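A.B. asks: Residue numbers (our numbering), protein chains in the order written: chain A, 1 to 336; chain B, 1 to 309.
No lab work stands behind these hints, which were simulated from the structure alone. What you are looking at is a predicted structure, and each value in this text was computed from that prediction instead of being measured. Treat the hints with care, as some may be off.
Calculated lysine to aspartate or glutamate pairs in the DMTMM-like style (CA-CA distance at most 25 Å, straight line) [unchecked claim]:
(1) B:Lys293 <-> B:Asp281
(2) B:Lys176 <-> B:Glu194
(3) A:Lys212 <-> B:Asp113
(4) B:Lys172 <-> B:Asp130
(5) B:Lys187 <-> B:Glu250
(6) B:Lys79 <-> B:Asp302
(7) B:Lys171 <-> B:Asp197
(8) B:Lys175 <-> B:Asp197
(9) B:Lys172 <-> A:Glu213
(10) B:Lys75 <-> B:Glu121
(11) B:Lys196 <-> B:Asp132
(12) B:Lys76 <-> B:Glu121
(13) B:Lys196 <-> B:Glu184
(14) B:Lys301 <-> B:Glu250
(15) A:Lys212 <-> B:Asp132
(16) B:Lys76 <-> B:Asp113
(17) B:Lys196 <-> B:Glu250
(18) A:Lys128 <-> B:Asp113
(19) A:Lys212 <-> B:Asp136
(20) B:Lys76 <-> A:Glu213
(21) B:Lys293 <-> B:Glu245
(22) B:Lys301 <-> B:Asp272
(23) A:Lys212 <-> A:Asp202
(24) A:Lys212 <-> B:Asp135
(25) B:Lys175 <-> B:Glu194
(26) B:Lys75 <-> A:Asp202
(27) B:Lys171 <-> A:Glu291
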Amino acid sequence: MEAASLGTKAVSKEEDPTNRRVELMLGVLASSILLFIAGMVIFTFFKGLPSFAANGLSWFGAGGNVDEQLGAIFNSPAAPADYVYEFHAWPLIWSTVVISGLSVTIATFLSVFSAIFIVEFAPVSLEKLLDPVIKFLAAVPSVVYGLLGILVVIPFINDNLINEEMRSSVAYVIQLDGSSVLAGVLILTFMILPIMVALIVDSLRAVPRVWKEGALALGANRWRALVTVSLRAVRPAIVAAAVLATARALGEAIMLAMVTGSIGFAPNPLDGLLFFLEPSRTLSATILDGEEGLSVEPFGQTMYAIGFLLILSCALLSFAGWAVRNRLSRYGIGAK
Amino acid sequence: MGVVDEQENLTNGSVPPLRQIQVEGRTAPISVAERVEVPEFVDQQAEYEEFDDTQPEWFEQIMRTESLSISFAGKKAVKEVSLPVNAGEVLALIGPSGCGKTTLLRSLNKLVDLTPTASREGRILLDGTDTDLYDDTYLRRRVGMLFQQPNPFPMSIFDNIAYGLRERGSKKPRKKELEPVVVESLKRAGLWDEVKDNLNHPALSLSGGQQQRLCIARSLAVAPEVLLLDEPCSALDPISTTIIEETIVELKEDIAIVIVTHNLQQAERVADRVAFMYLGDLVEYGTAEQVFKAPKAERTKDYVRGDFG
Numbered sequence: 001m002e003a004a005s006l007g008t009k010a011v012s013k014e015e016d017p018t019n020r021r022v023e024l025m026l027g028v029l030a031s032s033i034l035l036f037i038a039g040m041v042i043f044t045f046f047k048g049l050p051s052f053a054a055n056g057l058s059w060f061g062a063g064g065n066v067d068e069q070l071g072a073i074f075n076s077p078a079a080p081a082d083y084v085y086e087f088h089a090w091p092l093i094w095s096t097v098v099i100s101g102l103s104v105t106i107a108t109f110l111s112v113f114s115a116i117f118i119v120e121f122a123p124v125s126l127e128k129l130l131d132p133v134i135k136f137l138a139a140v141p142s143v144v145y146g147l148l149g150i151l152v153v154i155p156f157i158n159d160n161l162i163n164e165e166m167r168s169s170v171a172y173v174i175q176l177d178g179s180s181v182l183a184g185v186l187i188l189t190f191m192i193l194p195i196m197v198a199l200i201v202d203s204l205r206a207v208p209r210v211w212k213e214g215a216l217a218l219g220a221n222r223w224r225a226l227v228t229v230s231l232r233a234v235r236p237a238i239v240a241a242a243v244l245a246t247a248r249a250l251g252e253a254i255m256l257a258m259v260t261g262s263i264g265f266a267p268n269p270l271d272g273l274l275f276f277l278e279p280s281r282t283l284s285a286t287i288l289d290g291e292e293g294l295s296v297e298p299f300g301q302t303m304y305a306i307g308f309l310l311i312l313s314c315a316l317l318s319f320a321g322w323a324v325r326n327r328l329s330r331y332g333i334g335a336k
Numbered sequence: 001m002g003v004v005d006e007q008e009n010l011t012n013g014s015v016p017p018l019r020q021i022q023v024e025g026r027t028a029p030i031s032v033a034e035r036v037e038v039p040e041f042v043d044q045q046a047e048y049e050e051f052d053d054t055q056p057e058w059f060e061q062i063m064r065t066e067s068l069s070i071s072f073a074g075k076k077a078v079k080e081v082s083l084p085v086n087a088g089e090v091l092a093l094i095g096p097s098g099c100g101k102t103t104l105l106r107s108l109n110k111l112v113d114l115t116p117t118a119s120r121e122g123r124i125l126l127d128g129t130d131t132d133l134y135d136d137t138y139l140r141r142r143v144g145m146l147f148q149q150p151n152p153f154p155m156s157i158f159d160n161i162a163y164g165l166r167e168r169g170s171k172k173p174r175k176k177e178l179e180p181v182v183v184e185s186l187k188r189a190g191l192w193d194e195v196k197d198n199l200n201h202p203a204l205s206l207s208g209g210q211q212q213r214l215c216i217a218r219s220l221a222v223a224p225e226v227l228l229l230d231e232p233c234s235a236l237d238p239i240s241t242t243i244i245e246e247t248i249v250e251l252k253e254d255i256a257i258v259i260v261t262h263n264l265q266q267a268e269r270v271a272d273r274v275a276f277m278y279l280g281d282l283v284e285y286g287t288a289e290q291v292f293k294a295p296k297a298e299r300t301k302d303y304v305r306g307d308f309g
């Protein structure tokens, strides 16, 4: 391309000083971003290290009331030697896993089916309408979702799904008022759905028409052609969308802090349906809630530790997503 | 395979019972592969030799269109075309771009029905039966198709060939059962020697010519009686084209072939019969020799001489 645009001069890349300058600049820029990210991760880790060091592996485990522990850390004596660090994050981790996991699972199914409908079955007029609407939905600020959660979803759950019997059955542990895992999962699903649909729609549209026609020409019916060829081909995109959605779910703090009750409580699956109606608090929401205490050193360090766990989870998630995508696309275009 | 059944038709002088079953019970069609295993198969080829195959009437029409018109949003792309497709022959559809030859081809396996604006008048007969009586999926197994662009699926070579077989029934055949068919199909498409050690490799890692032969093998695996080729060599280099053309000539013994081509030399090389289309009309139909050497219509004369198109 470059040689062609330069016509007969045909200057090679190495000889052209402008190219080299641009290359150098972009290289510096790209590597400085990498350095910056690495620096941030390392910084967060060392800041949170005292909290990890004081608790060891039990940092990740269960034990005691996590909110009381946070209170004790916040009220640590002023002398560094007397800092309180005891912290067992399990209820927060569990809450994060449950809420993000459920939301992403539900959203994955919903988004795949919505995308199929939009691309394959919706009339063109509807398709044209849905496209911008979905992209708009992906951009609605999460605090608005939180507001709707508090004003609409929580009262609905409190009035319709929770009865007095349920309330009294767990009254000695926790108070049920509608702020719950269910509210968090419902709204979070709705929040991450649009971006997933948008990504899957784009990749479904990119499936070559000749693949679908090829499948039909071999006697597959329309649905089978869709499942065995189109959906198969977009599996890497579905994984990518799910990873992106999980990252967003892990990082979502404001909305979840607003609608899940913000109580460091691990909902118990043995409670049956009550499980979904119990309050909890995710890791991100904990950092948001702890904002006022950050000036207290051990408390800040505990928050750094939580932050590091979040960064680490996202990194592992990206890596796992990359590995799965690689495996799924080994037969795809450009396969070797 | 079409030849075989037609032969049966001729010798018995009646419609074979299998056909009747298919017409009545179109929801549970008998697969072509099962029918191939009819024991009479061996004799029939020998009997066939006794016919004077220079006489057109001995060629059975495996497929036929009757006053077939295809319109897109009211605009006619194919106008009242009645065209026979003979078993054991290659029929080439030629004509300038936009003359409706690809539309005609795609209507033979009803792929054209996928276009929402398309509408059809007239009939398409397969073995004397109106194809409207068949499920589309069943029709497409008997009438296979090869596209202009090689279109292997993003799967392994094996899975590509096995695709049609796996989609044929509700019960998934096991890999062991599929293997002989896959091997046989690859051999008939002339690809076996090149891929026999790499059946698990991605089909998309093959070269363009190999991909197109893979697509031929994929069609053959479901044992079609007619194979539709839509400019199968237009994306290929001359060597791959030669190999594909040789394959076509070999295959026509068993499978009636309809090929759309812009390449008149190719039509001359592979076709037994040629249909020349212009602006949706079937202008001329005849043996390849007649159409190329002594065209009757003025338009055909101009086209095969290269005056237009």
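A.B. asks: Checking one constraint from the list: CA of lysine 196 of chain B to CA of glutamate 250 of chain B, max 25 Å. Satisfied?
C.D. replies: 21 Å, holds
A.B. asks: For the pair we were handed, lysine 176 of chain B and glutamate 194 of chain B, check the Cα-Cα distance against 25 Å.
C.D. replies: 21 Å, holds
A.B. asks: Taken at face value, is the distance from the CA of glutamate 121 of chain B to the CA of lysine 76 of chain B at most 25 Å?
C.D. replies: 10 Å, holds
A.B. asks: Lysine 175 of chain B and aspartate 197 of chain B were given as a pair; does the straight-line alpha-carbon distance stay at or below 25 Å?
C.D. replies: Within the cut-off at roughly 16 Å; holds.
A.B. asks: Between lysine 172 of chain B and glutamate 213 of chain A, is the straight-line Cα distance small enough, at 25 Å or below?
C.D. replies: Roughly 22 Å separates the two Cα atoms, so the pair holds.
A.B. asks: Would you mind confirming whether the straight-line C-alpha gap from lysine 301 of chain B to aspartate 272 of chain B stays at or under 25 Å?
C.D. replies: 18 Å, holds
A.B. asks: Please verify whether lysine 172 of chain B and aspartate 130 of chain B have alpha carbons no more than 25 Å apart.
C.D. replies: Given that 25 Å is the threshold and the Cα spacing comes to 30 Å, the pair is violated.
A.B. asks: Holds or violated: lysine 196 of chain B and glutamate 184 of chain B, Cα atoms, limit 25 Å.
C.D. replies: 11 Å, holds
A.B. asks: Would you mind confirming whether the straight-line C-alpha gap from lysine 187 of chain B to glutamate 250 of chain B stays at or under 25 Å?
C.D. replies: 12 Å, holds
A.B. asks: Taking 25 Å as the top limit, are the C-alpha atoms of lysine 212 of chain A and aspartate 136 of chain B close enough?
C.D. replies: 15 Å, holds
A.B. asks: Mind checking the alpha carbons of lysine 196 of chain B and aspartate 132 of chain B for me, to see if they're no more than 25 Å apart?
C.D. replies: Violated, at about 40 Å.
A.B. asks: Is lysine 293 of chain B close enough to aspartate 281 of chain B, meaning Cα to Cα at most 25 Å?
C.D. replies: 21 Å, holds
Hints 4, 7, 11, 14, 26, 27, counting from the list given before, are not met by this structure.
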